Amino acid sequence: MTKLTIVANDGTKFEIDAENGSTVMENAIRNAVPGIEAECGGACACATCHVYVDNEWSETVGAPEVMEEDMLDFAFDVRPTSRLSCQIKVSDELDGLVVHVPERQA
Amino acid sequence: MVAHLEIFEPPQCEQGKSPSSERPIDLVHLARQTSGDKETETEVLCLFARQARQCVNQICGTNHLTETKDLLAVVRTLRGSANSVGAFSVSRAAQYLETDPMDGQLHDALTDAVVDVENFIFGLAR
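The listed protein sequences correspond, in order, to chains F and V.
Going by the UniProt record's numbering, the first sequence opens with residue 1, and the numbers climb by one from there.
Going by the UniProt record's numbering, the second sequence opens with residue 1, and the numbers climb by one from there.
Just so you know, these hints were derived from the structure itself, not from any lab.
Only a predicted model underlies this, so the values are computations on that prediction, with no experimental measurement involved.
Do not take every clue at face value.
[To be verified] Here are some chain F residues pointing at chain V (derived, C-beta under 10 Å):
| id | residue |
| --- | --- |
| 1 | Met-67 |
| 2 | Phe-74 |
| 3 | Asp-77 |
| 4 | Gln-105 |
We put the CB at the ideal spot given by N, CA and C, even for glycine.
For reference, chain V alone in the conformation it holds in the complex (with noise of 0.2 Å):
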């Protein structure tokens, strides 16, 4: 049987209560954002996860931006493709660096969300 792409009015779903919002990538934030299109979205996700990790790399890898200038710029073009594509839990993890970047804990924070959406779209394009 053919895959149904049409959208159906969905119902309404309380923010932050649905399955999906719960998961490293909420996929019907993405599926909203791309209009159901899975090729889209298998192709927009690898990239995040390519933009995501070299931006973990600036922001807390050897080679780190040292700059606080710097480091926020990359910051928030994290935290805007995260937002973007679904990825509350990197966004918010983005988010709280923003107020205190030097924070090694937040840098952590980060780090593991980031590793947990790679870890969900590797598993998503296997």
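With the rest of the complex left out, here is chain F (with noise of 0.2 Å):
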């Protein structure tokens, strides 16, 4: 198990102990973290379960494929530590990994 933390825009932590493997939109969904939406349900093509990566986890967790750009153009205010967190998937390197939810999704 690898801990993850999202912090909902209005604060509320959700310090989850995630299964490797799972995506931390997964996670979100099935902790009913609000304002992740996955519309799409991890196919990355919708942008509605947009998430800042902590800044001090940003280099950790990489920057996003080009498909996965893509997507985040459709997102609401995208900065440089935007990722769609379907497509970070949780490994024992993330464990502590904190992203933020933003005030909205696309």
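Assemble the dimeric complex from its two separately framed chains, guided by the hints.
Below is the structure:
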């Protein structure tokens, strides 16, 4: 299990024990984190699971691939640390990862 | 990080209310149709853009079809394709045109919808 913290837009922290191999989006949906819609269910087709990776983690998590970048064009208030949470796979190296939910989705 | 394509059980969205359904192509609908295969999506969208342009030329172009029966056949073809790929604005415009195939305003509306879709597809395929 990997520790994952998702901070909702109102500041509520969701501390989750995430299974390696799952995505941040799946964990957000399973734990009913408000503000993560995931309309496409993880197909990288909607940009409604947009999150900001905490600055301390952005390098470890890495940059989005081209397909994800294209989808991020549809997201609201995109920042340098923006990612689609359906494309972040939980692994040991992300233990302690913190992501923030934006004010609203696409 | 490798793109994750496995589709997680999607939450229920009220039809017509999702952000994706408000775009020229509903990419969520398309992703469901293609099981999230991006290569297929791109191919299908490029084919649709080409077909939609051909149909619009036949419906509203300078050498457009004059027989109502032939015109309606093309409009129906376009409506069917548009529904499949998630181009619901084109599909709606085609449906309206079916009710009055000689209405100039409905022709313009269909052309506008196709142009929007073309721009959207070309933007994605850039």
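Hint check:
no.	hint	in the structure
1	Met-67	5 Å, holds
2	Phe-74	7 Å, holds
3	Asp-77	14 Å, violated
4	Gln-105	7 Å, holds
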